[in-house]
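**Student:** All chains, full assembly: derive it from the sequences and hints.
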Amino acid sequence: MKNNKIVIYIGILAVGLLLGWFLFGNSSAKETEHNHEAKTETNQMWTCSMHPQIMQPEAGDCPICGMDLIPAESSSEGLLADQFKLTENAMALANIQTSIVGNGKAEDNTVKLSGKIVENEKANAVQVSYFSGRIERLNVSFTGEEVRKGQLLATIYSPELYAAQQELITAASLKESQPVLYKAVRNKLKLWKLSEKQINQIETSGKVKENFPVYATVSGTVSEKLVEQGDYIKQGQPLLKIANLSTVWANFDVYENQIDLFKKGQEISVTTNAYANKEFKAKVDFIDPVLDTRTRTVKLRAVLNNKQDIFKPGMFVEGKVKGMTSNKEEVLTIPSTAVLWTGERSVVYIKTDTNQPVFEMRIITLGNQIGDNYEVLEGLKIDDEIVTNGTFTVDGAAQLQGEKSMMNKEGGKVMTGHEGHLGMENNPSANKANHSNMNERIKVSKDFQNQLKVVFNDYIKLKDALLKDESNNVIKESKRLLGNLSKVDMKLLKDKEAHGHWMSLEKEIKASATSISNTSNIKSQRNYFKHLSSYLIGAIQTFGINEKVFVEFCPMVDDNIGAYWLSREEKVVNPYFGGAMLTCGEVKQVIE
1103 MKNNKIVIYI GILAVGLLLG WFLFGNSSAK ETEHNHEAKT ETNQMWTCSM HPQIMQPEAG
1163 DCPICGMDLI PAESSSEGLL ADQFKLTENA MALANIQTSI VGNGKAEDNT VKLSGKIVEN
1223 EKANAVQVSY FSGRIERLNV SFTGEEVRKG QLLATIYSPE LYAAQQELIT AASLKESQPV
1283 LYKAVRNKLK LWKLSEKQIN QIETSGKVKE NFPVYATVSG TVSEKLVEQG DYIKQGQPLL
1343 KIANLSTVWA NFDVYENQID LFKKGQEISV TTNAYANKEF KAKVDFIDPV LDTRTRTVKL
1403 RAVLNNKQDI FKPGMFVEGK VKGMTSNKEE VLTIPSTAVL WTGERSVVYI KTDTNQPVFE
1463 MRIITLGNQI GDNYEVLEGL KIDDEIVTNG TFTVDGAAQL QGEKSMMNKE GGKVMTGHEG
1523 HLGMENNPSA NKANHSNMNE RIKVSKDFQN QLKVVFNDYI KLKDALLKDE SNNVIKESKR
1583 LLGNLSKVDM KLLKDKEAHG HWMSLEKEIK ASATSISNTS NIKSQRNYFK HLSSYLIGAI
1643 QTFGINEKVF VEFCPMVDDN IGAYWLSREE KVVNPYFGGA MLTCGEVKQV IE
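Heads up: the sequence shown begins at 1103 in the working numbering, then just goes up one per residue.
If you're looking for bench data, these hints aren't it; they were derived computationally from the structure.
Distance condition first, Cα-Cα at most 30 Å in a straight line; then the derived DSS-like pairs of lysine-lysine:
#, residue 1, residue 2
1, K1336, K1292
2, K1424, K1483
3, K1343, K1401
4, K1548, K1632
5, K1295, K1224
6, K1555, K1545
7, K1218, K1581
8, K1218, K1380
9, K1612, K1401
10, K1548, K1589
11, K1570, K1555
12, K1424, K1401
13, K1365, K1224
14, K1277, K1311
15, K1214, K1609
16, K1609, K1414
17, K1612, K1632
18, K1290, K1309
**Tutor:** Right, here's the structure in full:
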């Protein structure tokens, strides 16, 4: 009986232990599982739907626009050291687009050239006056007017011609006794281009003509009026420039590496946007033997028949030469929108994974610019996939993730002005790194830096005019900038590398400022200002101006592509939106 009780107790104890394990052991497992999930949630990163470059370890507000942050996709598993990943959300919002690098040469070995129609200099003429006097009447009213050979162009009163006529009348009465004198007087009038008929008429009538006509010696189009009615002119002084536009020249730019492909007599097909469906045949007539050292091009010329008045001087044209062969290695070309350039380096962003938005910065060497494309001499190969739209946004994401970027070639976090939100507060070493990571400075004279500083001062005034939406002042300040840019003395640059950098930068700064000065549309002015800022940033990074300058960036400019600008102050005042979004942006770099 006792033994049976012991067995029952042991059974009850075993059931109790089993039940306790089932209840509390399973709960512990669940707690462990819960803790694991909590840890996973702790590693969750948060981003802004409007500013996808913002990444924070916890929920909160966007440090740029104040919107609530949303969970970001996990990103960095399996990435190499210099690679970084964007979320699909960021890709869509910034409209980031990529394209595959291909060869710039067409399959049928056709080379395309960009050119411009100009007057045929061989057919041009200058109409001059063969005697001095005052223009009593000018029969040509405007530039572009058609004239025909023998047409009356002007009527001139000439005191010396008046006196010569009187001499003729007197000599005519003495021609029997003074034949030599008579002949000399007639020849004098012939030197002033009076015809035999005119001379005989004066001699027969015995009357002096006060005003003499000037007739066109050629047919053509008046390309320039050099005088006005009532002007006093000298013998031999030009009156009009007349262009014969029955033939015109098409001048094309041939880059240095293409010179060996062309020769005189080659057939060239010419097209123009004015007649999109027509193709005009011509032959290469001349190749300039002198290289333009500024553009690194030579002029190739073709003569076009223009009896139908199809081509207008100043018109842009495209030339195609087929059947080209060369022993040179073919050069890759990429869109200019893919390139970020600081004056020191040219960089692009490579999409390293065809299935994932993973990117990596690549330093490249550029060749010539051909239209909207650049030749790539080093750094890329065929079939590389590169970012061609939204490049600035990708660059901003690289900076904020501490990877190599346009502004920071070594990698590491860049100071943005919102480090407290990014977990970098009270970190003086990060601030120090920010100042040491900018591009290497080329040493130049203080005189050169001071001249560049004057241009920078004009840039700041231009920026302030954009802030106030004052398009007329924008034009005024851009012209002032152009004037001071022309005064920057390149002879102060003794170093060949510095000389080359400045030539390239100065060309782009001038082009951007000129575009700004040529439009009163504030939106277009801001678009050109974006390019002006990019190249001036490169100039100041490369040469310096002995002043602290802040490089600032807003990712929302240009439909979320983003844009940089320069400022004397750390405080962000955005010039791209006028008064609408003055504080949108952040400091990307400090140039000392």
